[in-house]
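Trainee: Residue strings, one per chain:
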Amino acid sequence: MWLWFHKLSSPPYAYRTAGLVRPWLFWPAILLMIVGAIGGLVLAPEDYQQKDAFRIIYVHVPSASLSLMIYVVMAVAAAVGVIWRIKLAHAVAAACAPVGAWFTVATLATGSIYGKPMWGTWWEWDPRLTSELILLFLYLGYMALRASFDDTQRADRASAILAIVGVVNVPIVKYSVVWWNSLHQGPSISKLAAPSIEGSMLWPLLIMMLAFILYFGAVLCDRLRGEILRRERNASWLSESLARS
Amino acid sequence: MQSSVQTTPGLGKILMLVLARDLRLAVRHWDQVLQPLIFFVIVTTLFPLAISPALDELRKISPGVLWVAAMLASLLALESLFRPDVEDGTMEQWVLSGQPLSLLLLAKTATHWLLTGLPLVLMAPIVGTALGMPQSVWPVLAATLALGTGSLSVLGAIGAALTVSVRRGSVLLALLVLPLEMPVLIFGARAVDLAMQGEPVAGPLNLLAALLLFFVSLGPFAMAAAMRISVES
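Chains as they are written, first to last, in this note's numbering: chain S, 1 to 245; chain V, 1 to 233.
These aren't lab readings, by the way, just hints derived from the structure by calculation.
Among the hints, a few may not be true.
[Said to hold, decoys possible] Short derived list, chain S residues pointing at chain V, Cβ under 8 Å:
1) Leu140
2) Gly141
3) Ala144
4) Leu145
5) Arg154
6) Ala158
7) Val165
[To be verified] Partial chain V-side listing against chain S, Cβ under 8 Å, derived:
8) Ile158
9) Leu162
10) Leu172
11) Leu175
12) Leu176
13) Pro179
14) Leu180
15) Met182
16) Ala222
17) Ala225
18) Ala226
19) Ile229
Using N, Cα and C, we set each Cβ at its ideal position, and we do this for glycine too.
Produce the entire structure from the sequences given, and follow the hints as far as they go.
Mentor: The following block contains the structure:
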């Protein structure tokens with residue numbers, strides 16, 4: 001079992017594996033996105049209070065949870081890289097950051113598009129919105145720190161420390177809903193016992209969530225391959241495999 | 001016997017030596033120590049000029065103004081926290097000395113707090129009065145700043161250790177450190193605001209104290225790890 005893990009941490013093997021896995025993530029993601037979009041935009045009934053405007057949650061909620069999840073994935077990968085000195089883990093962390101930052105931007109954008117008809121304002125200094133914005137700053141700081149080193153290894157280790165320190169902020173983001181009362185509605189799907197969302201509205205949301213996660217996996221594979229190419233540009237296995245193809 | 005005692009003094013003594021050395025350096029360059037404090041006063045002066053000279057309006061925003069100015073002043077002093085020691089090779093000797101680097105850096109951070117945090121705690125009530133803050137709020141303001149600037153110093157020191165080897169790292173430092181410091185700002189300014197409205201302030205003060213303990217206990221390890229990366233090359 002550990003052999004498999006060690007094999008995966010070798011760049012040539014990881015490069016090939018990521019290439020093989022990618023279509024198995026990408027195409028199901030697209031398929032599920034189409035199913036979820038039809039389910040959410042056409043089949044799901046109108047909300048009695050929010051009318052059609054609520055339908056933006058089918059993009060907003062998955063991107064919001066991914067923006068947090070990717071930060072955790074990034075910090076875990078960075079920690080693995082620092083603790084066991086696995087260079088590939090650092091490559092994974094580096095590949096995560098821009099994807100997570102874009103999901104955060106998507107969350108903020110869809111949130112303010114939703115906020116305009118619902119609350120009558122584009123931006124509200126609500127704790128959840130604010131902490132999502134702080135999350136974006138954390139991503140930007142991480143990428144800025146990474147970019148400021150010329151040496152990849154130092155950039156890896158320095159940014160890993162920042163990611164681990166920053167992950168402290170993720171629970172604050174997540175639980176700020178509980179800490180402060182605000183006009184942002186509480187989470188509606190985690191309450192599985194008595195869900196405050198109806199089944200016909202819920203299933204497209206879950207499908208979209210799964211689709212976004214698969215899509216993240218596919219993009220991560222792509223970015224990881226790019227990252228490996230950049231890091232191993234002088235390696236012999238790369239020129240050999242290029243010569244063969 | 002005598003010599004072995006001299007070559008390996010106890011950890012407490014080493015930490016006191018670090019503190020004493022940094023304080024002595026600060027006394028010799030006292031003008032540099034004053035600069036963040038003058039900066040603090042200037043920033044708080046900008047708000048009446050920019051918003052309104054009416055004390056009623058200033059009173060409402062005074063907790064936030066003082067806290068933001070304190071954050072920026074603390075940030076300003078961070079740039080020179082580790083840089084001179086890294087440039088003249090002292091830090092390399094510390095890394096190689098076999099003493100726990102995390103504690104040595106924590107001692108340096110404590111000096112940073114003594115030189116920027118503590119004067120801010122003492123000065124903030126005076127500046128706050130100029131912004132129309134009632135005297136009854138002074139103890140709460142001083143308490144939040146005393147607890148909060150400690151957290152700011154530790155978080156800032158992590159950022160300073162990460163960016164010390166980066167050329168022109170001061171903007172990067174602000175970019176890294178300010179988002180991490182935001183929870184401290186929220187609780188600090190909130191506590192002062194509650195105190196001005198006559199509400200109980202124990203909640204945010206406890207949270208500030210919890211954050212301080214959390215950062216002081218875990219922060220030094222991050223500092224040391226960051227410093228090892230910055231020094232090696």
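Trainee: Report holds or violated for the interface hint on Ala222(V), using the least CB-CB distance to chain S and a cut-off of 8 Å.
Mentor: holds (5 Å)
Trainee: So, as I understand it, the hint says Leu140(S) touches chain V; can you test that by seeing if any CB pair is closer than 8 Å?
Mentor: Check passed: Cβ of Leu140(S) comes within 7 Å of chain V, closer than 8 Å.
Trainee: May I ask you to test the interface hint for Ala225(V) with respect to chain S, counting a Cβ-Cβ separation under 8 Å as satisfied?
Mentor: The hint holds - Ala225(V) has a Cβ within 8 Å of chain S, the shortest such distance being about 5 Å.
Trainee: Does Leu172(V) pass the interface check with chain S, least Cβ-Cβ distance below 8 Å?
Mentor: Holds, about 6 Å.
Trainee: Verify the interface restraint on Ala226(V): the C-beta must sit less than 8 Å from at least one C-beta of chain S.
Mentor: holds (5 Å)
Trainee: Using Cβ atoms only, decide whether Ala158(S) comes closer than 8 Å to chain V, and label the hint accordingly.
Mentor: holds (5 Å)
Trainee: Can we keep the Leu176(V) interface hint, with Cβ of chain S closer than 8 Å?
Mentor: holds (4 Å)
Trainee: The hint names Leu162(V) as touching chain S; please verify it with the least Cβ-Cβ distance against 8 Å.
Mentor: Where the cut-off is 8 Å and the nearest Cβ of chain S is about 5 Å from Leu162(V), the hint holds.
Trainee: Any CB of chain V closer than 8 Å to the CB of Leu145(S)?
Mentor: holds (6 Å)
Trainee: Do the numbers back the hint for Pro179(V), that is, is its least Cβ distance to chain S under 8 Å?
Mentor: holds (4 Å)
Trainee: Quick one, is the Ile229(V) hint okay against chain S at 8 Å, beta carbons?
Mentor: holds (5 Å)
Trainee: Minimum Cβ distance from Ile158(V) to chain S below 8 Å?
Mentor: Hint on Ile158(V): holds, closest Cβ of chain S at ~6 Å, below 8 Å.
Every hint from the earlier list agrees with this structure, and none is contradicted.
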